[in-house]
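> Sequences listed follow chains A and B, in order. Using UniProt numbering, you'd call the opening residue of the first sequence number 1 and step up by one each time. Using UniProt numbering, you'd call the opening residue of the second sequence number 1 and step up by one each time.
Simulated from the structure, these hints should not be mistaken for laboratory data. The beta carbon of each residue, even a glycine, is placed where N, CA and C say it ideally should be. It cannot be assumed that every hint is accurate.
Derived BS3-like pairs: lysine-lysine, alpha-carbon spacing no greater than 30 Å straight-line [what the hints assert, rightly or not]: (1) B:Lys338 - A:Lys60; (2) B:Lys268 - A:Lys338; (3) B:Lys338 - B:Lys374; (4) A:Lys26 - A:Lys349; (5) A:Lys338 - B:Lys349; (6) B:Lys289 - A:Lys399; (7) B:Lys63 - B:Lys37; (8) A:Lys91 - A:Lys28; (9) B:Lys349 - A:Lys25.
Example chain B residues on the side facing chain A (calculated, C-beta under 10 Å, incomplete) [said to hold, decoys possible]: (10) Thr44; (11) Phe45; (12) Ile47; (13) Cys81; (14) Met122; (15) Val124; (16) Gly126; (17) Ser227; (18) Asn317; (19) Asp335; (20) Lys338; (21) Gly354.
Number of protein chains: 2
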Amino acid sequence: MKVIDGGITTANGFSAAGIYCGIKKKRKDLALIFSSKNANMAGTFTINNVKAAPVLWNEKLIKEDGEGQAIIINSGVANACTGHEGIENNKNMATMVANALAIDVNKVYVASTGVIGKQLPMDVIGNGIKDIVPKLASDIGSGVDAAEAIMTTDTFKKEIAVEIFIKGAKVKIGSISKGSGMIHPNMATMLAFITTDCNISKDLLKEALKESVQDSYNMISVDGDTSTNDMVLIMANGMADNAIIDTKDDDYYKFLDALNYINIHLAKSVAADGEGATKLLEVNVEGAKDKQQAASLAKSVVGSSLVKTAVHGEDANWGRIICAMGYADTIFNPDEVKVYFETARGNIKIVENGMGTGYSEEEATEILGDKYIKLNIFLQEGREKATAWGCDLSYDYVKINADYRT
Amino acid sequence: MKVIDGGITTANGFSAAGIYCGIKKKRKDLALIFSSKNANMAGTFTINNVKAAPVLWNEKLIKEDGEGQAIIINSGVANACTGHEGIENNKNMATMVANALAIDVNKVYVASTGVIGKQLPMDVIGNGIKDIVPKLASDIGSGVDAAEAIMTTDTFKKEIAVEIFIKGAKVKIGSISKGSGMIHPNMATMLAFITTDCNISKDLLKEALKESVQDSYNMISVDGDTSTNDMVLIMANGMADNAIIDTKDDDYYKFLDALNYINIHLAKSVAADGEGATKLLEVNVEGAKDKQQAASLAKSVVGSSLVKTAVHGEDANWGRIICAMGYADTIFNPDEVKVYFETARGNIKIVENGMGTGYSEEEATEILGDKYIKLNIFLQEGREKATAWGCDLSYDYVKINADYRT
């Protein structure tokens, strides 16, 4: 696997565009992704009981035939809690894109992110769709435009592309995503779009995405709030002309590894760019008796407000880590736990047998001064492991979320 | 029921003391509660998988015979994650109290709050126990001393007493509690102690406490972290000489109502005194199909970081409320939801049928300017309801928890 320049337009047959159409005040707010050939589609969606109109739309399309050619994405307005009018607006948005591209409306997927409870400005979006379709292009710059147009309070764009060889053919996968900040942050919506020219069956595409999201986007936590609009969509148009992946052979796992690499890379970017974040926090749990135990403990630690504030303060407050493990929805033996803090500045054991090691506070604080902090937890109960990512909890998190309309 | 002056020493036969013995740097750090007559005991304890030594000790005593005469409480050190030595220290602490009071060690309950992972300074505590026993007294001031000695970063002491008439006898109930702040905050430990002279069977005492804690302490959230040391203990010594409550008659419910009043009052105090809190947040969910649905939705909203920061910013950001309801572990119909903001400054409907009402932002902000904010949510699915309490998330929360050792 090789990381290559590019993003959402890198795989064969994909083009994209990103423009400012007037939903937001100044910045780009409309993105379009297009596959010249009908693609297999898979998606994972928010588990929030309140689902935005585009989430319901996409879930239905994937259930019906799981194919598609376009994804239209707006930022600025989430089209959530918008009732029947929101459902109609979403459908009209898809219809306008379908007409402009001369494709079936059931091949057009939709994503929205932004303020909850506001209706989409359909006249502005209608004009935007007319403007964006002629701009579709497959160069790197057009992918960058799309990556920027889906941003809200993200402080940097998030994109990546890789290539792998599958059954002798060169296969490319590209992706853009956005994280947990918004200009008008009603909430932290996470969106990710992946394009690939890999020839893979619908069933295995679905399974690979599900498994990969489980180990990447589902293992990050910024503030514990699950949005109404979260989604990850993948399009596979088969234009790499590799022999189809339709069984779980080595090539399937090669594809899955590449997908994992992309999703983990972008999920970490989303965590590192959490609202007000100054540090990326990685929690590794090893020696677990099963995957579920490891994942549950890692997520509980990375989501603890007390751990996040301690990390912000560069304070080796290991009691909070053990405590957060204790209220995870799993059982473990605290008397066997080891904890290390690891950064580019060093590695220090702070807990052994569930108790403090008498480590040097000065050394621990020095190590925690880095921007990328790993908490490595060893259970000694088995051989499974899991990793979760998050960020510190800073003054700026409160500022961004308390003051957004003042 | 009548609220009366006093606290933990108000009921007949109870005395208390609170002193500085040297565990903390300056402030009172050791409290003792004593019943002159053997009392029925009930307790509820943290559900954290990692339980501090005193939690394990008390759980065992209550399981064995459920009686007691004394509770010794230290602040400054939590005696959690302290291994075998911590278990031994806890037992020695109980033994020293038992010897000084000339009672059986199995009648002495223990509570600790403070830094995790440090051993108790047993010499200091031993001297403290010698000093505190002669100070036991049943005046109001001694109860205040005990209320102060269990505080950590609490900004005010928490105590209350009430009297009721049960089967012709005057029955008193008093209580002290501490909340979610610590000078060295390894975590937010919640402790509450209740004394009553009511004559009530062990079984019904246990049931009343369990039910009452469910509607009070279990319905507050400061930062979502569940401590290793949380506990609520009640002592009932029967010295009011009322005919025993041993069936669920009207007098049982009268006692339960009084207990609820006390526990809800103190739980709200704990929420209002959350670390860095500037506002008390009350979330009422009505019209639920069952109690579990109402409680789950109320707790999800009160615990949402995005709701808490919006309340801090006095921002009527109702989308975050609907979103937090959506990720609660229950199902509801968002299209039927109504939401009101209510304070002493007014009452405003901001959501109807799951959508914004077109309310005045100025009016909403004015209403949210108050210190005690109620979010009243109506589901229109049934007749059950629940209330949860919390606080806003402020810059100071981050400051207190990030910087505590610098």
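> Compare the structure with each hint and give your call.
Okay, the hints, checked on the actual structure:
1. B:Lys338 - A:Lys60: Roughly 28 Å separates the two Cα atoms, so the pair holds.
2. B:Lys268 - A:Lys338: violated (37 Å)
3. B:Lys338 - B:Lys374: OK: lysine 338 of chain B and lysine 374 of chain B at ~14 Å, within 30 Å.
4. A:Lys26 - A:Lys349: Distance ~49 Å between lysine 26 of chain A and lysine 349 of chain A Cα, so the pair is violated.
5. A:Lys338 - B:Lys349: violated (52 Å)
6. B:Lys289 - A:Lys399: Violated: lysine 289 of chain B and lysine 399 of chain A sit about 37 Å apart, past 30 Å.
7. B:Lys63 - B:Lys37: OK: lysine 63 of chain B and lysine 37 of chain B at ~20 Å, within 30 Å.
8. A:Lys91 - A:Lys28: holds (22 Å)
9. B:Lys349 - A:Lys25: Holds - the C-alpha atoms of lysine 25 of chain A and lysine 349 of chain B are around 29 Å apart, at most 30 Å.
10. Thr44: Not OK, violated: threonine 44 of chain B not within 10 Å of chain A, min 15 Å.
11. Phe45: violated (13 Å)
12. Ile47: holds (7 Å)
13. Cys81: Since the shortest Cβ distance to chain A is 5 Å, the answer is holds.
14. Met122: Since the shortest Cβ distance to chain A is 17 Å, the answer is violated.
15. Val124: At 20 Å from the nearest chain A Cβ, valine 124 of chain B fails the 10 Å test, so the hint is violated.
16. Gly126: violated (23 Å)
17. Ser227: Since chain A brings a Cβ to about 7 Å from serine 227 of chain B, closer than 10 Å, the hint holds.
18. Asn317: holds (6 Å)
19. Asp335: Holds: closest Cβ of chain A sits about 7 Å from aspartate 335 of chain B, inside 10 Å.
20. Lys338: violated (13 Å)
21. Gly354: Glycine 354 of chain B check passes; min Cβ-Cβ to chain A is 6 Å, inside 10 Å.
Violation of the numbered hints given earlier is confined to hints 2, 4, 5, 6, 10, 11, 14, 15, 16, 20; the remaining hints are satisfied by the structure.
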